[in-house]
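So the protein lines, in turn, are chains H and C.
If you want the numbering used here, it's the position in the first sequence, counting the first as 1, plus 39.
If you want the numbering used here, it's the position in the second sequence, counting the first as 1, plus 2.
Please note that a few of the clues may not be correct.
Said to hold, decoys possible - Straight-line alpha carbon distances no greater than 20 Å define the calculated SDA-like cross-link-like pairs of lysine to any residue that follow:
| # | chain 1 | residue 1 | chain 2 | residue 2 |
| --- | --- | --- | --- | --- |
| 1 | H | 230 | C | 98 |
| 2 | H | 230 | C | 292 |
| 3 | H | 230 | C | 208 |
| 4 | H | 230 | C | 231 |
| 5 | H | 387 | H | 405 |
| 6 | H | 108 | H | 127 |
| 7 | H | 230 | C | 36 |
| 8 | H | 469 | H | 446 |
| 9 | H | 230 | C | 225 |
| 10 | H | 471 | H | 250 |
| 11 | H | 199 | H | 278 |
| 12 | H | 387 | H | 440 |
| 13 | H | 271 | H | 222 |
| 14 | C | 67 | C | 229 |
| 15 | H | 199 | C | 88 |
| 16 | H | 199 | C | 30 |
| 17 | H | 278 | C | 229 |
| 18 | H | 278 | H | 250 |
| 19 | H | 278 | C | 253 |
| 20 | H | 230 | C | 67 |
| 21 | C | 49 | H | 263 |
| 22 | H | 278 | C | 36 |
| 23 | H | 230 | C | 78 |
| 24 | H | 271 | H | 257 |
| 25 | C | 67 | C | 88 |
| 26 | H | 271 | H | 304 |
| 27 | H | 230 | C | 269 |
| 28 | H | 278 | C | 44 |
| 29 | H | 230 | C | 30 |
| 30 | H | 230 | C | 49 |
| 31 | H | 230 | C | 91 |
| 32 | C | 49 | C | 85 |
| 33 | H | 199 | C | 228 |
To be verified - Derived Cβ-Cβ restraints for the label pairs, each shown as a range:
| # | chain 1 | residue 1 | chain 2 | residue 2 | range |
| --- | --- | --- | --- | --- | --- |
| 34 | H | 262 | C | 290 | 46 to 52 Å |
| 35 | H | 154 | C | 183 | 41 to 47 Å |
| 36 | H | 460 | C | 229 | 31 to 37 Å |
| 37 | C | 78 | H | 351 | 55 to 61 Å |
| 38 | H | 262 | C | 283 | 34 to 40 Å |
| 39 | C | 78 | H | 104 | 43 to 49 Å |
| 40 | C | 29 | H | 124 | 31 to 37 Å |
Derived from the structure by calculation, the hints contain no laboratory data.
Remember, predicted model here, so these are calculated numbers, not experimental data.
Cβ atoms here follow ideal geometry from the backbone N, Cα and C, with glycine treated the same way.
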Amino acid sequence: MHDTGSDLDPITGFLNRIAGLSAASRSVARAESTGDGLAVLWLDIDRFRQINQSFGHVGGDRVIAEVAKRLRQTLSADCLLLRMGSDEFVALMPSLQRQTATEVCQRLLAAIESPLAIDDLLMHPSVSMGIAVHAAGEDPLSLLERADRAMIEAKRRGGKRLIVSGDEPVAGRLGVQLARDELAIEADLHKALESGCLALEYQPLVGLDGRIEAVEALMRCDLPGRRLMPGKFIPVAEKTGLIVRLGEWSLLQGAQFAARLRDEGVATRVAINVSRAQLNSRSFTPALQAALICANVAPALIELEFTESLFLDLSEIVQGNLRSARLAGVGMAIDDFGYGYSCLANLKDLPANKLKLDRSFIKVLPADRRAYAVVKAMAMLGRELGMTVVAEGVETAEQQAAVEGAAVDAVQGYFHARPMPEEAMLAWLKEKNTHAL
Amino acid sequence: MRSDTPGGGRRLDEVLERTIRDIDIPPRPTIIDRICHEMRQDQPNFKYIGEQISADVSLAAALIKTVNSPYFGFRRRCRSVHEALLMLGLDATSRAIAAISLREAFPGSAHYERFWQASAQIAALSGWLAQLVRKSGLRADDAYTYGLFRDCGIVILLRRFPDYMATLDRANHEAERAFTDIEVEVLPTNHSVVGSLLAQNWWLPEEICLAIRYHHDRDAIEQFESGLPAASRYLVAASQTAEHILQQVTGGSHTEEWHKLGSSSQRLLGLDESALGDLYDRGAALIASNS
């Protein structure tokens with residue numbers, strides 16, 4: 040069977056997706072009848088979006104062509120090469136069993152990484168690879184899908200690696216779909232950062248004495264026609280490192296709101312969430328300081344919220360950033376305490392002055408007496424450590440009564456107020472007309 | 003229960019008294035918010051945005067003038083706000099308005115007349131250079147906007163820290179270490195971080211924000227692994243080259259930046275010595291016609 044010109048992808052000279060799939064079926068049928076074995080490699084270029092963004096589509100095409108060339112040079116001539124999508128390739132490698140296929144692909148991984156010059160810039164392309172070895176009786180689509188899934192697992196682990204199908208945790212179709220969704224969300228976030236689609240909403244932390252302890256800033260992302268939920272986009276932002284830019288944006292935005300509240304006569308601390316990735320960057324302290332300077336706001340009006348997962352691996356950079364924030368006089372709160380990696384030793388050494396008890400303890404109040412006991416003990420512990428203790432997620436009058444009984448210092452949750460846009464928060468605070476500090 | 007750490011318990015009134023209102027980040031022009039709002043709609047209403055811009059006569063005039071200027075890189079001339087909008091699209095219009103509004107947005111900007119004049123010259127030369135070198139992803143209008151925003155952090159820091167002028171002077175004469183390294187010896191931050199936050203706050207595109215952030219960082223500009231988009235590197239290179247040409251031609255204040263970043267900039271833009279020499283003459287003519 041001869042391939043006609045239109046079956047070939049012009050950039051790589053490989054079979055295109057449609058022609059490739061029928062050729063793949065024939066390869067599988069042949070392997071099935073000869074019993075010679077067949078390994079499928081699914082390959083995806085890492086950071087391709089960034090490459091395209093950096094070098095334009097012309098540059099992106101050159102990277103595609105170069106990776107294709109390296110594939111052709113490294114793999115034996117009887118391999119069938121397909122271009123599946125913009126930066127995705129498939130190689131069908133006949134007569135190969137798992138061990139040999141893995142060795143060949145390891146060599147390929149190294150070959151692809153040799154430097155490549157585009158527009159005077161040297162780059163080291165890297166790829167994620169998944170391999171699946173044909174099992175007797177397996178249909179072509181399932182074989183390809185297994186290779187794709189292994190590749191996605193390689194990508195999930197940071198790329199630049201090879202995963203053999205069967206070694207990855209079973210993700211199933213859902214897992215594959217999730218990985219694709221993540222790529223779409225990443226693209227959305229880039230867009231949001233330059234088209235004004237981001238906003239902060241605020242939710243108050245109310246002291247048991249009625250004073251406003253602080254307002255917590257929560258990020259919102261409204262794209263044309265739909266709202267991206269933080270539960271969806273924050274994890275993607277953390278994975279891709281975009282959280283650093285989103286975080287810096289919130290620092291300035293939150294600091295400006297703190298300045299505005301002060302000028303409107305309702306000075307209130309603004310609590311801003313910071314992620315591990317942000318705190319683990321040398322640019323955190325200059326960015327925090329720049330935000331304070333730009334907004335012209337006193338550090339005492341800002342509070343950083345971070346989860347205790349930060350302390351799993353407390354690097355020198357993180358410690359340095361926390362130290363300089365504390366020295367500057369910025370408040371610090373541990374968010375979602377008691378849920379994840381709670382370690383009392385950390386609590387002892389923390390620079391934080393506020394402890395926010397995770398909502399999972401509050402949700403089951405007042406019925407769950409054991410949860411109540413934990414809340415009460417943590418409130419006491421926090422107090423002894425000189426920290427303000429806040430109960431998160433208080434939604435009902437009964438829960439409010441319970442946390443009052445447990446003697447926490449302040450409460451956050453729908454019972455008092457839902458998160459609201461800037462203007463509404465300002466109006467709410469004015470109505471309370473209570474100075475927070 | 004409150005601790006007596008500064009973050010927790012010091013009397014707030016006392017802390018607040020130390021802050022003075024007039025030192026502040028220039029607010030984002032409301033027209034940019036309107037444009038962003040329109041960009042979020044399924045079918046943006048160009049007519050409405052055109053009316054909003056036209057309502058501010060000086061803004062409308064400045065927009066048409068900017069779009070028609072040679073350093074902005076558009077061949078076709080436009081005669082109305084509506085034409086400018088159609089030619090640029092909403093996002094580029096938003097950037098052009100940011101560029102036009104920046105200086106006015108700074109309170110008391112008359113104090114920094116010389117600074118703004120130099121920025122305007124660098125911006126114009128950058129836009130002009132971007133058209134000459136033709137690098138993929140390097141747009142003349144972006145190079146122009148970037149040239150204006152690149153050092154705006156300096157004005158914010160000058161207003162805030164009385165001694166910053168002396169630091170600037172030292173940084174300008176530092177031959178080896180990065181400019182920003184000198185700043186952070188005496189300040190808690192540096193002008194490139196401050197400038198990039200402002201640019202982000204004004205919703206400027208990622209390439210411009212990052213180029214502001216790393217414009218004194220040779221490693222970030224030279225190594226692919228830094229992850230800096232190529233467009234950002236070209237922006238940095240174009241503005242450094244523009245600044246160098248300006249200093250060569252006018253004999254004005256000489257900094258050490260070309261010594262530190264010149265060879266990277268030349269390589270990025272593909273300019274050899276003779277090409278650069280040629281640019282001095284052509285740049286001189288442009289500067290003369292501009293001032």
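Worksheet entry | Hints breached by this structure | 2, 5, 8, 9, 12, 14, 15, 16, 18, 19, 20, 22, 23, 26, 27, 28, 30, 35, 38, 39 and 40
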